[in-house]
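Student: Chains as they are written, first to last, in our numbering: chain X, 20 to 245; chain W, 10 to 82.
Hints are computed from structural coordinates only; laboratory data are not their basis.
Cβ atoms here follow ideal geometry from the backbone N, Cα and C, with glycine treated the same way.
Not one of these hints is a red herring.
List time: in silico DSSO-like cross-link candidates among lysine-lysine, alpha-carbon distance up to 27 Å:
#  : chain 1 : residue 1 : chain 2 : residue 2
1  : W       : K68       : X       : K243
2  : X       : K235      : W       : K81
3  : X       : K235      : X       : K26
4  : X       : K243      : W       : K75
5  : W       : K74       : X       : K26
6  : X       : K243      : W       : K74
7  : X       : K245      : W       : K81
8  : W       : K68       : X       : K26
9  : W       : K74       : X       : K245
10 : X       : K245      : W       : K75
11 : W       : K75       : X       : K235
12 : W       : K81       : W       : K68
13 : W       : K75       : X       : K26
14 : X       : K245      : X       : K235
15 : X       : K235      : W       : K68
16 : W       : K81       : X       : K243
17 : W       : K74       : X       : K235
Quick look at which bits of chain W chain X covers, simulated, 3 or more residues with Cβ under 8 Å:
#  : segment
18 : 39 to 51
19 : 61 to 74
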Amino acid sequence: MKNSWWKILSVVLLIYTVIGGLLLEVPRLVIIHESIRALYFHVPMWFGMVFLFLVSVGYSIAYLRNHQQRFDTIASTFAHAGLVFGILGIITGMIWANYTWGSPWHGDPKQNGAAISTLIYLAYFILRGSLDNPEQRARLSAVYSIFAFAAMIPLIFIIPRMTSSMHPGSGGNPGFNMYDLDSRMRPVFYPAVVGWMLLGTWIASVRLRILQAEEKILDLEYEKNK
Amino acid sequence: MKKISSLLLLIMISITASSQQEVEMADTMRSEGKIYVVVAIMLVVLAGIVAYLVSIDRKASRLEKKLDELGKR
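So here's chain X without its partners, still in its complex pose (with noise of 0.2 Å):
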């Protein structure tokens, strides 16, 4: 637990976000109503899923840049953290979808474009299974990694601005506008993306942590039978 500053700052901002996103004031909307608050704890998912994919994919050019094996456990670890605030994503929206716009999938090219790009990130994992030999894996999957990457960024930001989403920022608008509205949601919003991208980088280590340690018990056990 050494240089952990980070990890206690994650639980601070996400123990502020609980109590700032359920007892501060939010604007007062039809349709939506209290269920606003759901804000705070969707859309971070999907800010600390863009996050940890973007820590994946820069690891992932650093390992065709040099042949390291690291840098392809770090990339993977990554996106498998990713993955997860992805479906978390999916999940809420599609209980938040239920109650506002009357059914969980209502084919909205946000939920669409999430939904492609989390298959996109699963298909990385399937591909690493399917190959034995490390090093083709890491070449192949770190090539993969970036197509996924490039192909999520339209999905989810470009694509659903250009047509009509119920997702508010979307048909031609710059996200946020309606809240940019209402500042008083932007205290608690900002502070919980940061704890959840912190969060989440936090999971991803400890994973990655083990992961090493096996690997360096692979290459123990290889030195003894030499």
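With chain X held as given, fit chain W onto it using these hints.
Tutor: Chain W alone, transformed into the frame defined by chain X:
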């Protein structure tokens, strides 16, 4: 007479409609203080998950230490 009564009805409807402009929120729940129950439950769940994550983190540290010792041998 019928016209006047229907006009009155229309005015009444519009008055009640305008008074309902106030968006319904969980104000009763808040004033009764029950919202703190929800806050407490969510904080307990969060605390439990974080405590579990800390224990896994520590376990990973112990594993790393053990492996370092094994590697030196």
